[in-house]
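Visitor: Protein chains in written order, with our numbering: chain A, 1 to 364; chain Y, 365 to 629; chain R, 630 to 1168.
The hints are simulated quantities; they were obtained by calculation from the structure and are not laboratory data. The beta-carbon is built from N, C-alpha and C at its ideal position, and this holds for glycine as well. Hints may contain errors.
[Stated by the list, open to error] For lysine-lysine, the following DSS-like pairs were computed, each having C-alpha atoms within a straight-line distance of at most 25 Å:
(1) A/34 to R/1001
(2) R/1001 to R/1079
(3) Y/627 to A/43
(4) A/34 to R/1126
(5) R/1126 to Y/627
(6) R/1001 to Y/627
[Unchecked claim] Covered, in the sense of this in silico footprint (three residues per stretch, anywhere, with C-beta under 8 Å from a C-beta of chain A), are these stretches of chain R:
(7) 817 to 828
(8) 932 to 946
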Amino acid sequence: MAEETKMQDVELHRDAALERSSEFENPGLPPHRKRQTDLHPEKAKRAERTVFTWFLVSALGSIVAVAAYIAVPITPGDLTTTRMNNLLLGLGIALALLSIGIGAVHWSKQLMSDEEHVDLRHPTRGSDATRAKAVEVFTLGDQESGFSRRSLIRNSLIGALAVVPLPAVVLFRDLAPADEVPTDVFAHTMWEAGTRLCLDPTGTPIRAEDVSYGSAFHVIPEDLEESEHPLDEKAKAAVLLMRLPADALNESPERAGWSYDGIVAYSKICTHVGCPVALYEQQTHHLLCPCHQSTFDVKNHCKVIFGPAKRPLPQLPITVDDEGYLIAQRDFTEPVGPSYFERLHDVDEDGHVQVAGTTTEQRA
Amino acid sequence: MAHRSKKTGRRHPLASLGLLVLGLVAAGGVSTVVGQVASADASSQAPTQLTADDGEQLFQANCASCHGVNAEGTPEGPSLIGVGAASVDFQVMTGRMPLAFSGPQGMARTPQFSQEQSDAMGEYIAALAPGPDVPSEEVLDTADANVANGGEIFRINCAMCHNVAGAGGALTEGKFAPDLHDIDAAHIYEAMLTGPQNMPVFNDDNISPEEKADIIAYLHFLDENPSVGGFDLGSLGPVSEGLFIWIFGLGGIVAITVWLTAKPN
Amino acid sequence: MTTTQSPNAAPASQAPQQRKTVTSWAANYLDERTSISGVTAYLGRKIFPDHWSFMLGEVALYSFVVILLSGTFLTFFFDPSMGHTTYEGSYVPLKGIEMSIAYASSLDISFDIRGGLLMRQVHHWAALLFVASIGLHMLRVFFTGAFRKPRELNWVIGFLLFILAMAEGFTGYSLPDDLLSGNGLAIINGMVKAIPLVGGWISYLLFGGMFPGVDVIPRLFVLHIMLLPAILIVLLGMHMVLLVLNKHTQFAGPGKTNENVVGVPIMPVFAAKAGGFFFLVFGVIMAIAATFTINPIWNYGPYDPSPVSAGTQPDWYIGFADGALRLAPGWETELFGLTFSWNILIPMAVLGLFIVLVMFYPFIEAWVTQDKREHHLADRPRNAPTRTAIGAAGVVFYAVMWAGASSDLIATHFHLNVFQVTWVLQALIFLGPIIAFWVTKRVALGLQKKDREILLHGFESGRIVRRPGGEYIEVHQGLDEYESWKLKAFESPEPAKVRPDERGRITTGTHVRAALSRWFFEDRIEPVTKAEVERASHH
């Protein structure tokens, strides 16, 4: 090793771990061993033929792919044709690509020189001369512009640069409607007094007598399709309707009258991060969220019994109208779905159970 | 030993796949054994026209210990009064009843009884109190069912437990929603109608008979039309895709890099 | 070196009169306009060391190229609009269903455009491979200490590429507007909302009002095909430039030192291998895409806020975040009329901290070891036991979170209780890394001991010989000098001692650093010395 390429001349920091340099001498590169293809010309010839064959196969693969594209058209409605098109086209192209790869690698391994070469490394830092030059460039720049000297204009430039992105920040305000603020849109749903509970997706109103024990009805408000943005409304208003035997339902006094004859309606939107909670077990009366396994107990106002959610699912107060159809008594008393910072502003005192006060029996 | 532990940490995906394969093989083995025993039972019965009385006898011999001598239920098993013939047909003919062993839920296996025996028990149960009847041929006819509508109803009412492709999924505390591939139309229908075990009931006011037929048509469409993209990796979604790319995709490519950099002789 | 020359007059200094070929004409034409010969001269015979683990970054690069190619194809057919339409394409189970234009055009790509499904599957498989190969590449760099000076900055750039790759993945995953991706966005919305003070606003602005709105897909599309790839390509360029400047690390070996690089020249061997490897990677992706379904969007149906599928999971690289959410405790506080969702904020903070630690690890280790030298020799992981153990602990931590995201599938496939699976994983997230750290360190030290044994006494040859005295012994075979060098050539630092600084004081910082240094280097196996080898050879 030439002396000047040594890089270990950096002084060790006084706290640096003590280093034991190896006592042994590097034996240097082992002698080069010739390959079979170096020693036997006929083997080199064979390797050449192999590479040629691979490249030939590759061209064949490309032709297969083009042929498959033309010969296996997609017949609308016939899924087999789509599957065959995907399979044959893909395999043809894969064959074309893999064969080029195999051929090229075989070529490089068997026929190109496999002699190992040595390059010297140089310290990454620039040479002293270069560094001095760089310092000089900056010094000259500073002197000629007066960047350090004229502190008034320098500082005002920094100030101006700091302020210049501000318009970009306000520019993004209209990503969402300017005449509303987030809490307005999060807080309320389509449900109001008298809104009929209807089946998702048909919109058929539901009679109380049709909800048999053990049923789970997926519910949307009537006229959902007529609203301006049905999906947005549905994302807040989706409800699950279940009927429990009277002895299974432990209703708190504040919420007496929120159910009808054992029929209860709860928001489907998980209070954790907002997946639809809809896995209803009709014997245990548990509701499971398939995304993060939060489990709610329908018997006890959908209290959380397992998982990362904290708050119970909001309950929709329901009753029946003159014709026996299930209707909402009012909107939810709290915002549905995941928590947000200002959430409590929109919580109606009616029937709201303070989270901090409830003792959720975790992992029941 | 310690060496192996270290590797487990680093090759987690591989390990879980290995376990997965092992688990599947084991599960397959168990079900085969159980199936053989059960089919021996079934074949020993003579297939003749059976009546509700025969049904009662079969019930007393095989079911009464848990469901009570009058099907009124015991702490071991629920009351069967009013569950209807549909429920009997589903539970018995999917092999869930009689229970093979007590666990979080009854598992499908080869039925222990012949269709005639099951029908006889169904007649007996239906005679105790009215309940949903076994669906008729016309109801199950999916010739002019709307597959697209079936898919939509399925996604809204069923997919959260059974998975959009009917691959099944986990419920609480060891319970699960089973895989829905290659299930008899009548059994799909009966399951919706009767809500076996923890499955909710989907009565005709919730999902109409036509919509139930649409769902059956959709599920059978999935059975008959394998994925257009090739093997479906169990339709389990991104998890099986992720395991696949790590083990076979990246694994295969690492094998290529080893070949690529190996010294030729 | 001549500056002006007519194209016809070849320089007199060029000794052999070259034949006029098209190639030479083109090369000359180009060089006279770009001085490209300089680049060729500089790069053409650069040496690249040959080791399989050095190809992992290339896998990432090549899958990125495949992603660009297939993605370009997809943009010609994909329409990112969230406007409503009724599907009338050829997939019967969705005929007549209301859906967004984005979802409908994804279905058309899958069912009605020849090769469309193939390109979609190539794109998605390549994306999964892209992130996976970056991950494996990072593990290689970490466990061999290849992030040390002068490569710390390139580690940071690489780390940013990893984050960008995940962002690309997530934005792409959301574009088809199917049920699975829609629920993914719902989860993101829920997480964003939990951020104190600004969360609600971010969600509101991101979705253009209420979730899901009609804006988010086109916005993600712009990020996915323009902004993120542009940043990614710039960083990728910087990553490559730094790679060329720093030259590749190599494992210690005969003739290989910290001052040289031994391997094959780019022209022609490395170019052929790397070029061939591109086709191999592309070919493997293509073969997988031809035969294995990925993201069957037609099963999921259009996004609708009411349904959800069992097994709703993100793509694997987001899995660790989803798992963290699943394993978090259900804590939430209402304070001064404000809501703090610890069940979301804690996992976000833990993930953030984990990510920051990974990103700054090179600087942390350098501070502990105070090693200011350049390192071009890759460590064998066993020779840096503490670092290897830290890495193993990190991998286990990540893997537990990843397993957390599949807790329901683990439960169904092994017939377990999903609650119990969650509890076990919650325990493992704390215990797993500790156990992994301890075990890995022991294993690394054990392997060092074994190396030492082999150096001193050779390896067991399996040949049993009977001695004249009747006793049987197994012949130990010594290594030749080249093989033994691989085992000898490593540094084994001793912990730093507490020493006073220039002013004779010992600061708290010095104490902390000395303590960390002890923790990092204390457990070590003494390297073999010359004297020991000589003594052993006399036996």
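Visitor: Check the hint pairing residue 34 of chain A with residue 1126 of chain R against an upper bound of 25 Å on the C-alpha distance.
Guide: Status violated; Cα separation ~51 Å.
Visitor: Would the hint linking residue 627 of chain Y and residue 43 of chain A be met if the CA-CA limit is 25 Å?
Guide: holds, 16 Å
Visitor: Taken at face value, is the distance from the CA of residue 627 of chain Y to the CA of residue 1126 of chain R at most 25 Å?
Guide: violated, 45 Å
Visitor: Going straight from one Cα to the other, do residue 34 of chain A and residue 1001 of chain R come out at no more than 25 Å?
Guide: violated, 41 Å
Visitor: Are there at least three residues in the region 817 to 828 of chain R whose beta carbon sits under 8 Å from a beta carbon of chain A?
Guide: holds (count 9)
Visitor: Verify this for me: three or more residues of the region 932 to 946 of chain R with a beta carbon less than 8 Å from a beta carbon of chain A.
Guide: Our answer is that it holds, as 10 residues pass the Cβ test (under 8 Å) against chain A, meeting three.
Visitor: Are residue 1001 of chain R and residue 627 of chain Y close enough, with their CA atoms no more than 25 Å apart?
Guide: Violated, at roughly 35 Å.
Visitor: Residue 1001 of chain R and residue 1079 of chain R: Cα distance at most 25 Å?
Guide: Distance of about 30 Å is beyond 25 Å: violated.
Checked against the numbered hints above, the structure breaks hints 1, 2, 4, 5, 6 and satisfies the rest.
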